[in-house]
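> Sequence:
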Amino acid sequence: NNLTELWALLNFLLPSVFNSSEGFEMWFNAPFSANKAAKDDAAQLKEEEELLIIQRLHQVLRPFLLRRKKKEVEKELPDKEEVTIKCAMSAWQRTYYRQVLRNGAVATTAGKARQLQNTAMQLRKVCNHPYLFLQDDFYNPVARDEILRASGKFELLDRILPKLHRSGHRVLLFSQMVKCMDIISDYLEWKEYDYLRLDGSTNTEARGELLEKWNEPNSPHFLFMLSTRAGGMGLNLQTADTVIIFDSDWNPQMDAQAEDRAHRIGQTRRVKVLVLVCDGTIEEDILRRAGEKKAIDHKAIQAGMFNQASTAEERNAVLKDILQRGEDGVGMDVPTHAEVNVMIARSEEEIEMFDEMDREVGVAWELEWGSERARLMEDHELPAEVRWTGEHNGGGDGGEDDGGTRGKKKSKKQEDEENMVSSEDDGEGGKRRRKRRAAAQAVHYDDGLSEDAFLRILEDGGDKRDLVAASQKVHARREKRAEKRGREQVNSDWEESEEEPDFRPAKMQKVGSPG
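Read in order, the letters of the sequence shown correspond to residues -23 to -1, 1 to 492 in mature numbering (1 follows the signal peptide of the UniProt record, and there is no 0).
In short, the hints are calculated from the structure, not lab data.
It is possible that part of the hints are untrue.
As the list claims (entries may be wrong) - Pairwise CB distance ranges, derived in the manner of DEER restraints:
| id | residue 1 | residue 2 | range |
| --- | --- | --- | --- |
| 1 | Asp163 | Met3 | 53 to 59 Å |
| 2 | Glu59 | Gly257 | 19 to 25 Å |
| 3 | Met98 | Glu355 | 25 to 31 Å |
| 4 | Asp332 | Ser(-4) | 58 to 64 Å |
| 5 | Trp4 | Met330 | 15 to 21 Å |
| 6 | Ile328 | Arg266 | 30 to 36 Å |
| 7 | Gly243 | Pro40 | 32 to 38 Å |
| 8 | Glu58 | Gln92 | 41 to 47 Å |
| 9 | Ala453 | Arg265 | 34 to 40 Å |
| 10 | Ser162 | Glu456 | 31 to 37 Å |
| 11 | Glu355 | Gln92 | 25 to 31 Å |
| 12 | Glu362 | Met98 | 21 to 27 Å |
Don't be surprised by glycine CBs; every beta carbon is placed ideally from N, CA and C.
Build the full structure now, drawing on both the sequences and the hints.
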């Protein structure tokens, strides 16, 4: 992850030599922190300086490290190519993403919200599928294809898998969420794909049986779905030639281990690794941080070529290539259907086949739906249960029926009319007392921010604390204006009254006491 962790390992081996992490970082950290430094050109290290410092680090590590890659043992091992494919989110996903960011909760049933912990994990769940937040009996889709239309990743998967299946490829699909694997299983069964599944609940005996089924000659199974933690290490699945990382790990080495279930000795075909990422979400940040960690590994370890066979010239050439290449794959736009076909194909013939399949699917969709339905769910198709904007108490039961206004923001006119009705019950004094009590106990479920203001804060690098602070300022201004309007109304009532209001207790008013 960083040079401090590398120093800790060296300190464990030779504490008398590597006795100061500060000194170690002072010597070697500059090339690895240059990307995080100020944007001033003068702060950036020259390539020659980086080369010199990293080569010095390699000299320090060489007595302690011996590393051989499988390609050095198996010269004929086919290449592995990793491709990052971005996808758009559905309207349902965008709605949930905003709800988690703004309120730390998502709508599950009308008038209720489910409070959530660990915001980062909840955002990753939104990127996978909104069904991950629902109870088993909560939502009955109008059409079965909503399982893919509700999620950008599922829609992308629905375009990729038929092409890989028809062209004879076999797929390993890795996900970190077991419940997400349940939803993927529903999709695979609906599409009638022959698949196997392995996760943390699979016992040792069953694991062996699954491996035999997958690797046996002429196996009928097209796809093997595995959890990244349970199936990402120690398995030989080289009869597959395509790996799909459905959701990436913060630790890039976990994904690399999962990819190498297919790319290992015994593989005879070129391996494609497809990493699915939702555009403009936390998954881009995960990808960026993983790239930073990989860059440290590439510079500090891989460029050193600690195999006792490489020459200084070879190591220097590898290091220069790494420094010039930088980080690829982050910040790309969502690709078109044709671009996705190029990404997943192995030959020109496959590209032509995939383009033809897209045309067939487009014609079939047009005949069935015309322009009524897009491939991804749109705003007007959202289930009523998820149209929650944060105004109502997430922990309550919703109370009585509100005539279809639940989850909608009330206009100023509606609020004034409701206040007028309530004031008729017990007079102006009771109304003022209720307002004071309500102000003291006020809980705001609306953040008070417009969509533009919300997006501006995020674009400026703000986090949830900045959103809360901005929301509090908005509500403070609103309360101040409301209090001012209340005082003006009271003064107006006094001026219009024939008699000056008597503030004495009732008993004193009756006897005419001077007070």
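> Now, for every hint given, state plainly whether the structure supports it.
Hint check:
1. Asp163 to Met3: 53 to 59 Å: holds (55 Å)
2. Glu59 to Gly257: 19 to 25 Å: Holds - the Cβ-Cβ distance for Glu59 and Gly257, about 21 Å, lies within 19 to 25 Å.
3. Met98 to Glu355: 25 to 31 Å: Given a distance of about 27 Å, which is inside 25 to 31 Å, the answer is holds.
4. Asp332 to Ser(-4): 58 to 64 Å: holds (60 Å)
5. Trp4 to Met330: 15 to 21 Å: violated (55 Å)
6. Ile328 to Arg266: 30 to 36 Å: Holds - the Cβ-Cβ distance for Ile328 and Arg266, about 33 Å, lies within 30 to 36 Å.
7. Gly243 to Pro40: 32 to 38 Å: holds (34 Å)
8. Glu58 to Gln92: 41 to 47 Å: holds (43 Å)
9. Ala453 to Arg265: 34 to 40 Å: holds (36 Å)
10. Ser162 to Glu456: 31 to 37 Å: violated (51 Å)
11. Glu355 to Gln92: 25 to 31 Å: holds (28 Å)
12. Glu362 to Met98: 21 to 27 Å: holds (22 Å)
Of the numbered hints listed earlier, those contradicted by the structure are 5, 10.
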